[in-house]
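> The chain contents come next:
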Amino acid sequence: MNDSTLALTASQFRLEQKLFWRNRQSAVFNFALPIVFVVLFSLLFQGNGNVGSSDVPYTAYFVAGMIGVSLLSATFANLAISLVFQRDLLVLKRMRGTPLPVSALFGAKILNSVVIVVIQVAIILTLGRIAFNTPLPRNPLAFALIIVVGIVVFAMAGIAFTAFIPNSDSGPAVVQLPFLTLQFISGVFFPFTSEPGFLKTVANVFPLRWLLDAIRAGYLGFDYFHTKRVVIPAGVGHAASTQQVPASVHGLHAITASGEAYLVLAVWFVIFVSIARRRFRWEKRAS
Amino acid sequence: MTPAISVRGLHKSYGDYEAVRGIDFTVEPGEAVAFLGPNGAGKTTTVEILEGYREPSSGTVEVLGLSPTAAGAQLRRRVGIVLQEAGFPEELTVEELVEAWRRFYARPRPADEVIVAVGLEDRRRVRAKNLSGGESRRLDLALGIVGQPEVLFLDEPTTGFDPSARRSAWELIDGLVQEGMTLFLTTHYLDEAQRLADRILIIAAGQMVAEGSPEEIGGRESAPGTIRFTLPPGATAADLPQLPPDTTVQYDEDQVAITAHQLVAATHTLTGWALERSLDLVGFRVERRTLEDTYLAIIGDTGPAAGGVAGAG
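Protein chains in written order, with the numbering used here: chain L, 1 to 287; chain B, 288 to 600.
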């Protein structure tokens, strides 16, 4: 990337920001959704106490999940839907006829996603802190790193996924399938460890589960990748059982413990780039 | 000198459908060429290959000596493209879009100059989504020329223009051609082709069927012209003077239509005859064969595709 590409990325980014903020409804909904979800789910599950036998309150577990969902929505869903919209309007075709480098065009869109995600994360953390006494990130560096890496990977996923969306009318519906399915099986709402084995295997193949647990390593300071089987002795109201309990991680260990997650995300990134290179369309299909 | 555009043996197929069936032409730098043809003739396919949007199935295509698909940004810095149809990022204003486009090019024209040139000076702070059809088209043109292109591709640029907007657009484009820009114009309007082009190429059913200057194409120069007038009261067909050979006279009641190869001689004979007898030839006019007549005659010869059958344009 040379100087002029960087300069063009920066100026395109300012345009993307103008476009984003001028589309009031979309901007409002982008930030309202995570707020509503955090409040709603925290209220619903407030009484549930801690996750499993750990000392992680359910609300904190869920706030980390909501951060992941916000990221997925601002990158994957947002980019896939808006790119297909611009493709059908022949905006992309027009851009393609200019000397604007493809890297600057997409780079600017990814930077725009960074802004949206940062604001959403700030809202979720603040809201959780004030209303539900959830913690701030325990390992800020690990937390920031996985957010940035996650944005890049899932933005690329959105760009690649446009290849499977026939037109802008079907955009939101086609996006919902992976968007919702992956959320349900990847441990946003319920601890991943309590899922049936089959769903776990499926979730392990896709990148969201890895993103969420790496976010939790940064945010909660627990390593959900390497849980330990712990026998819970019988007590009042429950029989003896075994549970998968995460170990706590701190500082750089939160990053190294997430090594597999970064590896899986890297592999998916390469897959998304190669799909985008081969299958990305700059204009709507001839009718 | 490297030609501005060079096309050799160009073929393009979509599945079984052969949209372009082996065409050749060259456009010299500074030349203004109009590319005409009925719907489905392969015009837009050809133009979009020149613009780098599609790969040829076979044959070679060069714009400014470069392959449009392989050269990428290197070529797109030097050409301007006004597509037949393209959208804007709708929330941006006229001014913002022109400014954004200026950043793509090394030596852009001043934004103000371009906005005034296309007549959008009163609309500069209006968002693209609120422009009328004609205004959007003028903004298309503004974005096409803002980079000072060496070659400008215009695909039906004045569709939806009112007559005065069309005239200003023509003056603007003609001015750029006078400054040395190469123009490759696709259009359905024959008056537009006549006004802007030095040379006309006609394509039908994927093949070139005619080529020449607007005056000469399809033998227009040597084609017979028509003289029309109303036969004066009291005069009969037998009173008409002896006309040059190769002239036919047709009557419709008192309306006379004389088709003559030697148009000047026939006109002279008729006006001389009228003066001598102090006759007023009401509605007297001399018509050359129009470009439209020529065009319709040419594409009429090329079979069913001339009617505009299905397929990519």
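Note that these hints are calculated values from the structure, not bench results.
Where hints are given, some of them may not hold.
[As the list claims (entries may be wrong)] Below, in silico cross-link-like pairs of lysine to any residue (SDA-like), each with a Cα-Cα straight-line distance of 20 Å or less: (1) L/LYS18 - L/PRO137; (2) L/LYS200 - L/PRO172; (3) B/LYS416 - L/LEU90; (4) L/LYS18 - B/ARG412; (5) B/LYS416 - L/VAL115; (6) L/LYS18 - B/TYR301; (7) L/LYS228 - L/ASN204; (8) L/LYS284 - L/VAL115; (9) L/LYS284 - B/TYR301.
[To be verified] Computed Cβ-Cβ distance ranges for the label pairs, DEER-style: (10) L/LEU180 - B/ASN417: 33 to 43 Å; (11) L/SER26 - B/TYR304: 32 to 42 Å; (12) B/SER455 - L/VAL102: 31 to 41 Å; (13) B/ARG411 - L/VAL102: 50 to 60 Å; (14) L/HIS253 - B/SER354: 45 to 55 Å; (15) L/ALA122 - B/ASN417: 44 to 54 Å; (16) L/ALA144 - B/ARG411: 37 to 47 Å; (17) B/THR446 - L/SER26: 23 to 33 Å; (18) B/TYR304 - L/ARG281: 15 to 25 Å.
C-beta atoms are modelled at their ideal positions from N, C-alpha and C, and glycine is treated no differently.
> Which of the numbered hints above does this structure break?
Violated hints (numbers, rising): 1, 2, 5, 6, 8, 13, 15; every other hint is consistent with the structure.
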